[in-house]
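With the hints as extra help, turn the sequences into a complete structure.
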Amino acid sequence: MPVKVRIPTPLRSLTNGSEEVTVEGNSIKEVIDNLESNHKGFKERLCDENGQIRRFINFYLNDEDIRFKDNQETPVNDGDQISIVPAIAGGRIAAS
Amino acid sequence: MSFVKGLKCRECGKDYPKEALHVCSFCFGPLEVDYKYEEIKKVISREKIESRGKTMWRYKELLPLDGEPTVGAQVGYTPLVKADNLAKKLGVEELYVKNDSVNFPTFSFKDRVVSAALSKAKELGFKTVACATTGNLGNSVAAQAVQGNLESYIFMPANLEQGKVIGTSIYGTNVIGIDGNYDGVNRMCSEIADKYGWAFANINIRPYYAEGSKTYGYEIIEQLGWKAPKHVVVPMAGGSLVIKIGKAVKEMTELGLIDKSNTSLYGAQASGSSPISTAVKKGSDVIAPVIPDTIAHSIAIGNPADGYYSVKAINESGGYAEDVSDDELVEGIKLLASTEGIFTETAGGVTVAVTKKLIDQGRLPRDESIVICITGNGLKTLEAVMDKVEKPCVIDANIESFNAFMEKREVCTA
Numbered sequence: 004m005p006v007k008v009r010i011p012t013p014l015r016s017l018t019n020g021s022e023e024v025t026v027e028g029n030s031i032k033e034v035i036d037n038l039e040s041n042h043k044g045f046k047e048r049l050c051d052e053n054g055q056i057r058r059f060i061n062f063y064l065n066d067e068d069i070r071f072k073d074n075q076e077t078p079v080n081d082g083d084q085i086s087i088v089p090a091i092a093g094g095r096i097a098a099s
Numbered sequence: 002m003s004f005v006k007g008l009k010c011r012e013c014g015k016d017y018p019k020e021a022l023h024v025c026s027f028c029f030g031p032l033e034v035d036y037k038y039e040e041i042k043k044v045i046s047r048e049k050i051e052s053r054g055k056t057m058w059r060y061k062e063l064l065p066l067d068g069e070p071t072v073g074a075q076v077g078y079t080p081l082v083k084a085d086n087l088a089k090k091l092g093v094e095e096l097y098v099k100n101d102s103v104n105f106p107t108f109s110f111k112d113r114v115v116s117a118a119l120s121k122a123k124e125l126g127f128k129t130v131a132c133a134t135t136g137n138l139g140n141s142v143a144a145q146a147v148q149g150n151l152e153s154y155i156f157m158p159a160n161l162e163q164g165k166v167i168g169t170s171i172y173g174t175n176v177i178g179i180d181g182n183y184d185g186v187n188r189m190c191s192e193i194a195d196k197y198g199w200a201f202a203n204i205n206i207r208p209y210y211a212e213g214s215k216t217y218g219y220e221i222i223e224q225l226g227w228k229a230p231k232h233v234v235v236p237m238a239g240g241s242l243v244i245k246i247g248k249a250v251k252e253m254t255e256l257g258l259i260d261k262s263n264t265s266l267y268g269a270q271a272s273g274s275s276p277i278s279t280a281v282k283k284g285s286d287v288i289a290p291v292i293p294d295t296i297a298h299s300i301a302i303g304n305p306a307d308g309y310y311s312v313k314a315i316n317e318s319g320g321y322a323e324d325v326s327d328d329e330l331v332e333g334i335k336l337l338a339s340t341e342g343i344f345t346e347t348a349g350g351v352t353v354a355v356t357k358k359l360i361d362q363g364r365l366p367r368d369e370s371i372v373i374c375i376t377g378n379g380l381k382t383l384e385a386v387m388d389k390v391e392k393p394c395v396i397d398a399n400i401e402s403f404n405a406f407m408e409k410r411e412v413c414t415a
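Protein chains in written order, with my numbering: chain H, 4 to 99; chain G, 2 to 415.
Don't take every hint at face value.
[Unchecked claim] In silico SDA-like cross-links for lysine to any residue, where the CA-CA straight-line distance does not exceed 25 Å:
{"#": "1", "chain 1": "G", "residue 1": "K313", "chain 2": "H", "residue 2": "R70"}
{"#": "2", "chain 1": "G", "residue 1": "K15", "chain 2": "H", "residue 2": "D83"}
{"#": "3", "chain 1": "G", "residue 1": "K313", "chain 2": "G", "residue 2": "L336"}
{"#": "4", "chain 1": "H", "residue 1": "K46", "chain 2": "G", "residue 2": "K9"}
{"#": "5", "chain 1": "H", "residue 1": "K7", "chain 2": "H", "residue 2": "D83"}
{"#": "6", "chain 1": "G", "residue 1": "K196", "chain 2": "H", "residue 2": "N19"}
Hints listed in this document are in silico derivations from the structure and should not be mistaken for laboratory results.
Below, the structure written as structure tokens:
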């Protein structure tokens, strides 16, 4: 099912500058795989060599950090909003 | 001459030039200053360091400038106090207090990082500097910006202690109070840094800024007679200082300035803002962000930038982390003041109280050297203790009144 993914500035070179893309998938993992199919190079930037999401990249599903849900196995539903946020100095509080 | 190669991503190792960058554009890991240690090893020695002025810049080969410091050249070399009275009270043999509550010019350890950050900002050509702050950093950026003829903007949560607010405004800086906590302020500032092209001490020039913290560790080592301490208790907000003290010990060891040692690092937090100590105690390396609720405003960071690496540094050193309540931290402030004559702020109260807790738990041994890191001054956080100390006794100005006071000690009119 289609979900919207917000893309941070450093990754927009992979989306031709788009701030947001729509991707299919039933879980965060599927969304990442489909991002890679649609925009080659995404997976390498988001995941380490073991396929885990890189430590300094935060995924938020409807404003909640997926580390507090089921990480990549977290299910996503039609119309959900995913944000990819670099965990820069400070960062944001989930579910504000 | 410069011993800085450039910046390097701590996560993926990608190299970057010496610019105002702090995040790897590939994997988003933090960037760190990369030095030419082989070159440094050839020129540095204990004698050379000892021959220099008593400031943090006596370790200049290990700091991130290309030239000499242009801001804060007098910062650092604060006392390491052998705290025998406190040691007796806590039941330990060898205890020291590294006292940055008397650092120059704004009475906190932040003077070190700001000296490094603003000197580097000037080297990089910035005219305006800024920071997101829980108080002490703002005091120091405002003061040292004046010294360096830089314009400054300080962003702070609006609920800070008066000492921190006025101790910033007095320098004629632009203070922007924000209705929110530090984490919110910090996130907004990262967007401002991008848009306005300013040097934000703790954001886009963070790699250089953070290096200033190492001097706190170098000084402890030199002041102990070129020996690393066995145990160090460090207050944690973003978690940077504990990492950099560990790095200071490692660098001095690898450069042959001290013998190999095994220093254990202990982190101290307030229970109302303890994402790092919680992770250490749970045996996890995942930092669960919190919304801070503590009077220890200077260390009230709920989403710590260096959380992951501070947990790693503590665990690898064989140390631990603890947290204490607001009541316990006030007792910590009073304990240090009444045993050593040192008045520290809330963060220092946290560090003293956590030290006591770790000793009581048996995690800090009673027969090995312990250093407590005191990083800020109590005169800035009077609100924390003003209702917790005795009010002065007021008497009439004659000897009879005083005699009566000495006899009864209860003739106060106040």
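How the hints compare with the structure:
1. Restraint check for G/K313 and H/R70: satisfied, since their Cα atoms lie roughly 19 Å apart, inside the 25 Å limit.
2. Between the alpha carbons of G/K15 and H/D83 the distance comes to roughly 34 Å, so the proposed pair goes past 25 Å and is violated.
3. For the hint linking G/K313 to G/L336, the alpha-carbon distance of about 31 Å lies beyond 25 Å, and the restraint is violated.
4. The straight-line distance between the Cα atoms of H/K46 and G/K9 is roughly 22 Å, inside the 25 Å bound, and the hint therefore holds.
5. Taken as a hint, the H/K7 and H/D83 pair is honoured in the structure, with Cα atoms around 6 Å apart against an allowance of 25 Å.
6. Restraint check: the Cα-Cα separation between G/K196 and H/N19 comes to about 21 Å, which is no more than 25 Å; the hinted pair holds.
Violated hints, in rising order: 2, 3; the structure is consistent with all others.
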